[in-house]
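Protein chains in written order, with my numbering: chain A, 1 to 92; chain B, 1 to 204.
To be clear, the hints were calculated from the coordinates, so they are not data collected in a lab.
Beta carbons are placed, not taken as given, at the ideal position from N, Cα and C, and that holds for glycine.
Mixed in with the good hints there might be a few duds.
To give an idea of the interface, some chain B residues facing chain A are shown, with a C-beta separation under 7 Å as derived from the structure [to be verified]:
1) Gly-34
2) Glu-63
3) Gln-67
4) Leu-77
5) Gly-79
6) His-98
7) Leu-100
8) Val-163
9) Thr-167
10) Tyr-168
11) Ile-177
12) Ser-187
13) Arg-194
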Amino acid sequence: MSMSLRQVVACHRNRRRLQRFLDRDPAAPLSSTEMVEVEHHLSQCERCTGLAEEYRALHWSLQTWGSVLGPDDEAVRRVREALDRALENEGD
Amino acid sequence: MPPQAGAVIIHPTAEGAILDGMQAAGTASGRDRGSAFSEFVQPEIPVLLRVAYTLTGSAADAEDLVQETLIRAYRALDGFDGAHPRAWLLTILRHTSHNLRRRTRPDLVGEWDTLTDFRPVFGARRPPTPDDVVLSDVLEADLDSAIASLDEKFRAVLVLVDVHGLTYAECSQSLGIPVGTVMSRLSRARDRVRRRLRDSGRFS
């Protein structure tokens with residue numbers, strides 16, 4: 001199935017915004033107009049919807065993986081104790 | 001101009017209120033000030049350890065780095081404006097890491113084999129659920145391989161943002177690179193890992 005030039009341009013433009021759209025990071029927000037445009041495009045374009053799903057799946061996989069990789073409680077406790085000792089010395 | 005120790009400052013944020021408490025405590029005694037500071041930074045310790053681990057590739061070095069960072073933060077407290085405490089701590093962490101590496105000249109950061117080797121020590125926060133076990137069986141080999149294939153600078157951004165959950169700005173502070181660079185590296189890293197996972201049949 002061939003795509004019209006308009007579709008190609010729309011895909012290109014919205015794919016460039018897709019990660020910012022999914023991340024919702026405060027340092028790089030999309031404008032409300034851009035948000036609506038991406039949402040509208042995703043509602044019509046299967047290929048870009050598939051790409052968005054892959055990004056979501058990747059992000060979820062990495063987050064889940066990271067939840068096992070986090071610092072253990074003992075490491076946090078050791079740092080806290082070291083901090084308390086150091087601050088006591090600083091206060092003396 | 002940074003506020004003077006003990007000055008009364010009105011902040012609209014909870015962090016600002018804590019900072020006010022620390023500065024007020026600073027007028028009382030060093031010990032009270034230390035207690036207030038400790039209470040303020042303790043919630044950030046897990047994040048600092050995660051970032052330090054990414055920077056050093058070693059659980060032991062990460063702990064040393066965070067301890068040194070917190071001491072330096074305490075000494076630099078009078079120059080802190082209270083606006084973005086995590087970003088402030090991450091900046092000190094990066095500078096401290098840079099100084100310690102320059103002083104001791106350790107191995108290069110980001111050796112993925114080293115990172116994964118340390119997982120049993122650093123990754124024992126909670127026992128895995130049955131879902132985690134199934135998921136890790138499927139994902140670990142593919143993800144390890146895909147992430148290991150990345151250049152170090154791309155891998156660091158991906159790990160800090162997607163694995164450890166830092167914002168673009170926090171990642172920028174941690175690595176000392178502009179937010180725009182974080183975004184471009186993150187985008188490229190995700191695309192490379194996504195394509196590798198797709199090639200291995202993870203995404204169909």
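Against the structure, the hints:
no.: 1; hint: Gly-34; result: holds, 3 Å
no.: 2; hint: Glu-63; result: holds, 6 Å
no.: 3; hint: Gln-67; result: holds, 5 Å
no.: 4; hint: Leu-77; result: violated, 11 Å
no.: 5; hint: Gly-79; result: violated, 16 Å
no.: 6; hint: His-98; result: violated, 20 Å
no.: 7; hint: Leu-100; result: violated, 15 Å
no.: 8; hint: Val-163; result: holds, 4 Å
no.: 9; hint: Thr-167; result: holds, 6 Å
no.: 10; hint: Tyr-168; result: holds, 4 Å
no.: 11; hint: Ile-177; result: violated, 13 Å
no.: 12; hint: Ser-187; result: holds, 6 Å
no.: 13; hint: Arg-194; result: holds, 5 Å
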